[in-house]
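**Student:** What follows is the residue order along each chain.
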Amino acid sequence: MASALTLYDKIIDKHRVMSLGDGAQGPGERLLLYIDRTVLNEYTSPQAFSSLREAKRKAWRPQAALGVVDHVNSTAPNRTNAVEDPGAQGQIDYFARNGRDFGIEMFDVLSPQQGIEHVVLPELGWVLPGMVIAAGDSHTTTYGAFGVVGFGIGTSDIEHLLATQTLPYTRLKRMRARFEGPLSIGVTAKDLIMALIREIGADGAAGHALEFAGEAIDALEVEGRMTICNMAVECGARVALMAPDEKVFAHIAGRQRSPSAALLEQARQAWAGLGTDEGAVFEREVVIQAAQIAPMVSWGTSPDQAGTIEDSVPDPQAVAANKQADTARALAYMGLEPGTLLSDIRIDRAFIGSCTNARLSDLRDAARVLCGRRVAPWVRAMISPGSSTVRREAEAEGLDRVFLEAGFEWRQSGCSMCLAMNDDMLAPGERCASSTNRNFEGRQGTGGRTHLMSPAMVAAAAVAGHLTDVRALELLEA
Amino acid sequence: MEKFLSVTGMACPIATANVDTDVIMPKQFLKGIDRSGLARGLFHDLRFTESGEPRGDFILNRPATRDSRFLVVGPNFGCGSSREHAVWGMLQYGIRAIIGTSFAGIFADNAANNGLLLVALSPKDVVALFEAVGSEGREIRVDLEAQTIVAGGLSIAFPIEADRRNALLDGLDRIGGTLRHAEKIRAFEQDYLQANPWLGERIEA
Chain A
1 MASALTLYDK
11 IIDKHRVMSL
21 GDGAQGPGER
31 LLLYIDRTVL
41 NEYTSPQAFS
51 SLREAKRKAW
61 RPQAALGVVD
71 HVNSTAPNRT
81 NAVEDPGAQG
91 QIDYFARNGR
101 DFGIEMFDVL
111 SPQQGIEHVV
121 LPELGWVLPG
131 MVIAAGDSHT
141 TTYGAFGVVG
151 FGIGTSDIEH
161 LLATQTLPYT
171 RLKRMRARFE
181 GPLSIGVTAK
191 DLIMALIREI
201 GADGAAGHAL
211 EFAGEAIDAL
221 EVEGRMTICN
231 MAVECGARVA
241 LMAPDEKVFA
251 HIAGRQRSPS
261 AALLEQARQA
271 WAGLGTDEGA
281 VFEREVVIQA
291 AQIAPMVSWG
301 TSPDQAGTIE
311 DSVPDPQAVA
321 ANKQADTARA
331 LAYMGLEPGT
341 LLSDIRIDRA
351 FIGSCTNARL
361 SDLRDAARVL
371 CGRRVAPWVR
381 AMISPGSSTV
391 RREAEAEGLD
401 RVFLEAGFEW
411 RQSGCSMCLA
421 MNDDMLAPGE
431 RCASSTNRNF
441 EGRQGTGGRT
451 HLMSPAMVAA
461 AAVAGHLTDV
471 RALELLEA
Chain B
479 MEKFLSVTGM
489 ACPIATANVD
499 TDVIMPKQFL
509 KGIDRSGLAR
519 GLFHDLRFTE
529 SGEPRGDFIL
539 NRPATRDSRF
549 LVVGPNFGCG
559 SSREHAVWGM
569 LQYGIRAIIG
579 TSFAGIFADN
589 AANNGLLLVA
599 LSPKDVVALF
609 EAVGSEGREI
619 RVDLEAQTIV
629 AGGLSIAFPI
639 EADRRNALLD
649 GLDRIGGTLR
659 HAEKIRAFEQ
669 DYLQANPWLG
679 ERIEA
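So the sequence lines, in the order shown, correspond to chains A and B. Under the numbering used here, read the first sequence as residues 1 to 478, first letter to last. Under the numbering used here, read the second sequence as residues 479 to 683, first letter to last.
Just chain A, same shape as in the assembly (with noise of 0.2 Å):
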């Protein structure tokens, strides 16, 4: 056995609690692993506390679970603790009393708390490096951010974690992504991302967890990173990871629930070894030049079926031949015709939000290029703050001004319009510029059109009334 490992083997290795295999080492390898913490929420759980129930066991480590109501509630501004959908408040109502029962803390609607789960853990400082967490949402891969292995699960796995702190685990391979250089000016962590899942593919990284490298990633503030890891879920990563900094150790201290300063020291001696060692071994590698990568938005159903702003809808006769039909297919349902320049779409619906891009940096840069514009009059334009304490803090910087002041909907924290499992969604045919994650079809709202792309440049297309290089508006306001 080698004994330059990769940070996510040297993680595993530390929550192996037994080998469920013939004992083989490496990738494969089927264990049982410990896992730190998960989060919960109320449209994924609900059948894994009623299994709980049927088979009378308990939770194995209640405090190791934290609720939030983030997936069906309303984000109107004046909302309350009632939806008018029957499913959504029965599955609100049975999610604060599976919390009762079962000793776990939830977050309802009203909470100062609330907000998208995966913004929620890492500002009550509750996501630390080294650990392991698992959750009932694909994008759990954003805790990679701090040097976490993070991965989703299904109902099922969500009973096995609470009834046992456990699940039976396989190893995976692994890949890094290094973006050499420095990024360009106007140019975000979502581009990043978007550009390397439109290099590998939807499945590129599939079955690997996908350690990401290099100048431009260490350049990041940790929000940004957050943003990759959460994103590298729609490249078939299973885990995202990035090794822990001063970045890192500095976003974690002082909040709510971070450990104590004693503590915390100690735990930063731990974590300075938490990288990978020199010469360990990836199955793939790629790299990438940061600075070639420009503004990037999506044209497809599939997350890489994008491109840059400066390019064009494909010619599905002129891509590869096993990927001419599904092009076809995405551009008949995006009704899009081959060679129509992407600054050319035209848009009805401008959407900031998500797991992905609605932190408080996120708001930032929106508002940036919001100061002193208006949205064009054709586009109904919606933010949806990642939680309810960003919401408040871009209340306090004034954010909130500046977003009415050009005329975008200004709601409270939720998924919202990512996935639409509340009334927030688009219309049949409706197309939308989306800071969000997913450009599936009928993602946001069964026929709607989903353009994925920053929030920077979701502004700016709901200025301009259609897709944008945001970096020409900026240039303008200079």
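These are calculated hints, taken from the structure and not from any lab test. Heads up, some of the hints might be wrong.
List of simulated lysine-lysine pairs, DSSO-like, C-alpha gap at most 30 Å [said to hold, decoys possible]:
#1 A:K247 x B:K481
#2 B:K662 x A:K10
#3 A:K173 x A:K247
#4 A:K173 x B:K662
#5 A:K10 x A:K247
#6 B:K481 x B:K509
#7 A:K14 x A:K173
#8 A:K173 x A:K323
#9 B:K509 x A:K173
#10 A:K56 x B:K481
#11 A:K58 x A:K14
#12 A:K56 x B:K662
#13 A:K14 x B:K662
#14 A:K56 x A:K247
#15 B:K602 x A:K56
#16 A:K58 x B:K481
#17 A:K323 x B:K602
#18 A:K247 x A:K14
#19 B:K481 x B:K602
#20 B:K602 x A:K58
Given the structure is predicted, the values throughout are model-derived calculations rather than measurements.
Based on the hints, put chain B in the right spot on chain A.
**Tutor:** Relative to the frame of chain A, chain B by itself:
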């Protein structure tokens, strides 16, 4: 969990790549607190018009393939959201196995936890199976004990992890199985929290 030994039935081809769980089980079917009523939701927006009429152009609506037991699919099937409802809906509809080149990780775990067999074949074998099944579907046999798929004159051997195969064959209670190791988990937890005391702090506000 229903045991899977050898199943014979209709196989339906869906060749599109990156079929995501939003398409497999759209959001309007995610509002329950139980697992029921999801057969109707399977591929709902492809199967039904806005007014709820079956779409004639969707393959699962054709008389020959309506009662399919198998899907033959394109790469990266089941990507996107973690919603286990996608797997519950497959089983409630009557799908027992899905055959393709690759499946998204969370979807694959969900399938294993519910007794939905996923068979990953080489691209060459999947092309051969698509050819055998044709554009209209055909009857095939999937034998888990023998680890073979038989479609007319075509016979394909497939690999599967031993513990997943055993769970499908025996219908095991996974949590009960893990809790047999409760003492080991307790001992591990105690040592682990002692070595990393910042993780053991009370985490309530």
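**Student:** Now tell me if each hint is right for this structure.
**Tutor:** The hints, checked one at a time:
About 51 Å separates the Cα atoms of K247 (chain A) and K481 (chain B), which puts this hinted pair outside 30 Å; it is violated. Only pairs whose Cα atoms come within 30 Å are accepted, and K662 (chain B) paired with K10 (chain A) is accepted, the gap being roughly 21 Å. The straight-line distance between the Cα atoms of K173 (chain A) and K247 (chain A) is roughly 28 Å, inside the 30 Å bound, and the hint therefore holds. Proposed proximity of K173 (chain A) and K662 (chain B) is supported: the alpha carbons are some 27 Å apart, at most 30 Å.
For the proposed pair K10 (chain A) and K247 (chain A), the alpha carbon gap of about 21 Å is at most 30 Å, so the pair holds. Annotation: proposed proximity of K481 (chain B) to K509 (chain B) holds, straight-line Cα distance about 28 Å (limit 30 Å). For the hint linking K14 (chain A) to K173 (chain A), the alpha-carbon distance of about 17 Å falls within 30 Å, and the restraint holds. Taking the CA atoms of K173 (chain A) and K323 (chain A), the gap is about 26 Å. The hint holds against a cut of 30 Å.
A hinted pair counts as satisfied when its Cα atoms are at most 30 Å apart, and K509 (chain B) with K173 (chain A) does not qualify at roughly 35 Å. A distance of roughly 24 Å separates the Cα atoms of K56 (chain A) and K481 (chain B); the hinted pair therefore holds under the 30 Å criterion. Note on K58 (chain A) and K14 (chain A): the hinted pairing holds, with a Cα-Cα distance of about 25 Å set against a maximum of 30 Å. Under the criterion of a C-alpha separation no larger than 30 Å, the hint pairing K56 (chain A) with K662 (chain B) is consistent with the structure, at around 21 Å.
For the hint pairing K14 (chain A) with K662 (chain B), the CA-to-CA distance comes to about 15 Å; that is within 30 Å, so the pair holds. Distance hint between K56 (chain A) and K247 (chain A) is unfulfilled; the C-alpha atoms sit about 44 Å from each other, more than 30 Å. Only pairs whose Cα atoms come within 30 Å are accepted, and K602 (chain B) paired with K56 (chain A) is rejected, the gap being roughly 48 Å. A hinted pair counts as satisfied when its Cα atoms are at most 30 Å apart, and K58 (chain A) with K481 (chain B) qualifies at roughly 27 Å.
This hinted pair checks out: K323 (chain A) and K602 (chain B) have alpha carbons roughly 17 Å apart, not beyond 30 Å. For a cut-off of 30 Å, the pair hint linking K247 (chain A) to K14 (chain A) stands: about 24 Å separates their Cα positions. For the given pair, K481 (chain B) sits about 29 Å from K602 (chain B) by alpha-carbon distance, which is consistent with the 30 Å threshold. In summary, the hint linking K602 (chain B) to K58 (chain A) is not supported, as the alpha carbons are separated by about 47 Å, beyond the 30 Å threshold.
Hint compliance for this structure: hints 1, 9, 14, 15 and 20 are broken, all remaining hints hold.
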